[in-house]
Amino acid sequence: MSALEIVGLNKSFSGFRVINDVNLFVEVGERRLIIGPNGAGKTTLFNIITGEIQPDAGTILLNGQNITNIPVQKRSHLGLTRTYQIITLFPNDSLLKNISLSLLALSSLRWSPFVALDVRNDIKLQALEVLDQVGLKRLADRPLNQTSYGEQRRVEIAMALAQRPKIILLDEPFAGLSIEERTQIRELLVSIPEEVTIVMIDHDMEVALEFAEKITVMHFGEVVVEGSRAEVVEHPKTREIYLGE
Amino acid sequence: MTLYIILTINSITMGGLLFLLSAGFSLIFGLMRIPNLAHGALFMLGAYFGVTFLRMEVNFWIAVIFSGVALAIIGGVIERLLLRRLAGQELAQVLVTLGLAFIIADVCLLIWTGDPIPLNAPESLRGVERFFGIVFPRYRLAVVVIALILAIGLWFLLERTRLGAMIRASVDDPEMARVTGIRVSRLFTIVFALGAALAGVGGVLSGPILSVYPGLDAEMLPLALIIVILGGAGSLPGAFLGSFVIGFIYNFGQVFFPDLAYVVLFLPMLLMLVLRPQGLFGKDPL
Amino acid sequence: MRERCLIIVTLMSLVSLPLWMGSDYYINIASQILIWAIFALALNVLVGWSGLVSLGHAGLFGMACYTGAWLLEAGWGHFTAVLGAFAMTILVSAIFGALSLRTRGIGFIMITLAISQILWGIAYRWIGLTNGDNGIIISARPTPFGIEMDTPGVFYIFTLIVFLLTMLIMAIFYQSPFGVSLRGTRDQSRRMSALGFNVWLIRFFAILFSGFFSGVAGLLFLYYHQYVSPHVLSLLNSAEVLLMVISGGTGTLLGPVVGAGLVVVIKNVASAYIERWNMLLGVIFVAIVIFMPEGLVPGTQRLFRWVFSRIKSIGAAIKSEAS
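Protein chains in written order, with my numbering: chain A, 562 to 806; chain B, 1420 to 1705; chain C, 20 to 342.
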């Protein structure tokens, strides 16, 4: 059984095909990289997997369960989580509060209006643990907007990890980071437990290449090449897309 | 039978008046994303201007035109001085129009007092016409004809002129319009003034039928809201159709469900929201 | 420590107000302020914490008034009347929510306005049911634990207790997991649903919560005046409470309360001298939006900071000149 199984996926925006008959099978515990130039349809693919966009056709199976018609908010409860390329966190709240929100999302506590959140120590402890995992524990009480861009990217990933997902979708986690910050993110990704499936998209081949065993190349909404790192790098079509040969 | 005919005539007349009210409201909403909560007040102000012009013994039609022009100026000033400063802040714009609605209504009360003032229809249009044995009040026929002429005029303006093309483009995609060099801010002033003028004309024309009284504004504003929700924001055909639907429901409702006339009026709106939130001709939900 | 002292002093002076306030007129104004403050706090749950601006809250407030009045008029006891009023308010809030949550932003404003206009229309026109413009008079205030509430002082204390309870519940609500989630949906609704929050349902519950406290305010209003007329459902009423929320500032718990105090005082002062309350209301609306868009409490803070910094810089300039 695949962790993620996508069959015959199609999506058009005002007559323009952005996802064209995409099939994708990702095994449990796999690290998969999807690359392709800007506009290849990678982020749209993510948005469809998480349910933020409805596909025109096709089915999506998560651990064998058909989630194509399940609403967005239920999918994270099934173990699917994602990060965003553009920071969409809560800028005025502390890192702790940001992570707490992510933890709350899966807890029935989120409906409780009659107890202060700060009093709930278990959530706080869990959130601190996650922050520790991404190396930001010392900044726990700092408002997000007073942290660096690199740190915010790590909070993004921490919010995804906090939910103990079965599968994480990472949307260009390295984009806009310095070399040092990239190393930090890379170490962070390596530390993610093996049984967690990771699908990552990036438009820059160099940065993300070493991350994955298997790579999918997308171009104009289609899967063009798929295979091991060596196969994909050597494939003429990859070279055509990336080197213009 | 006669009752139905009278009701039908009244409904159509009402529809015409409502179109003058809601066409501007809809265009302003579609283009600027402002639900102009002062629109009912502008309609009433137009009617009161009509009162004053007629007291100065101005010809009825000249009074209608003067009112329209005066309201256009007031609308333009409101847009330039107040709404312009708040560009992009939708909530602030709504609140300003709400504040203006209260101010205008109170000024009207101060100047024209609280008593209802009936307006006289022009001499030539008093009395009735007979077609096929059915009696038509002349003034109501004239109102319908004027509303139709203005509707066609507006349609022509929007569909066949450069200005109209620019307005339509900006309603469809304001960002794109701006990029292609349309001066959207000037369009805002023009459309706001135009909407106010239409409301003013509608106000005067409504005078001989509804008479003018404090509270006319609060009665008209919800009607404009309903019509736009029914027809779809920024759609002229939507406003046209919605106006007549509401015109009919308003008149028939008052006879058949006098207690619930106001509720019946809102039912189509609620239905539309549930079934088709973007309205009959709208592209996006509100 | 200083904060705690301040709270205690404020509480003491609020509780003892009937003793030092002298005239009944002022005690009544204090009661009015508290009632409106509860209403404004209720609306602030939507405007401030959910990012949903309702221009139809008078509809919820008024439904509580009318339901209470009907039940009392029909001969039911106060307990039943209050329960019935809450049930009705929650029901109407649910209808409000189900319809208005089909849209966001401007659409939300228009739909809430339209629904409250329907309710106003019913109250005004359905004379058999509501006695139209003449309204409904209720004969007596309730007597909780056998305490008569027919003097302004006692009614004030009762209102104060309800108000303080409301403040407490609101303060806890604000910091509760639900309150935090609600503000999350205001700031990043898309992110919130991706995280696993049901944004629609969260907003819906917020509307019910807000509706409940609008109902509390409505019932107090009914018992205060012992009378209800269609005016409670009018757009003017919705606009006034919105003005309270916005003028006070939506960010803090204190903002709506300050706003309520301000509007009620201005209204009473103004009506003593001029008849033009509506015009004044309109002018305040326009002025606040243009000059203090973030509300009075933050706005005044900003103004003070600005003045202080000017004084400081002028002082510094004088010093440097002198040396």
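Hints in this document: simulated from the structure, not taken from any laboratory. Since the model is a prediction, treat every value here as computed from it, not as a measurement. It cannot be assumed that every hint is accurate.
Claimed, not checked - Listed next, with one range per pair, are the computed distances between beta-carbon atoms:
id, chain 1, residue 1, chain 2, residue 2, range
1, C, Gln245, B, Gly1546, 24 to 34 Å
2, C, Met20, B, Gly1634, 25 to 35 Å
3, B, Leu1500, C, Leu30, 39 to 49 Å
4, A, Trp672, C, Pro161, 31 to 41 Å
5, C, Tyr246, B, Glu1542, 16 to 26 Å
All C-beta atoms, glycine included, are put in the ideal place defined by N, C-alpha and C.
Cross-check of the supplied hints:
Gln245(C) and Gly1546(B) have their C-beta atoms about 53 Å apart, which leaves the hinted 24 to 34 Å range violated. The hinted range of 25 to 35 Å is not satisfied by Met20(C) and Gly1634(B), whose Cβ atoms lie roughly 55 Å apart. Between Leu1500(B) and Leu30(C) the beta carbon distance is about 46 Å. The supplied range of 39 to 49 Å therefore holds. About 32 Å separates the C-beta atoms of Trp672(A) and Pro161(C), a value consistent with the hinted range of 31 to 41 Å.
A C-beta distance of roughly 49 Å is found between Tyr246(C) and Glu1542(B), which places it outside the suggested range of 16 to 26 Å.
Going down the numbered hints, you'll see the structure goes against 1, 2, 5, while the others check out.
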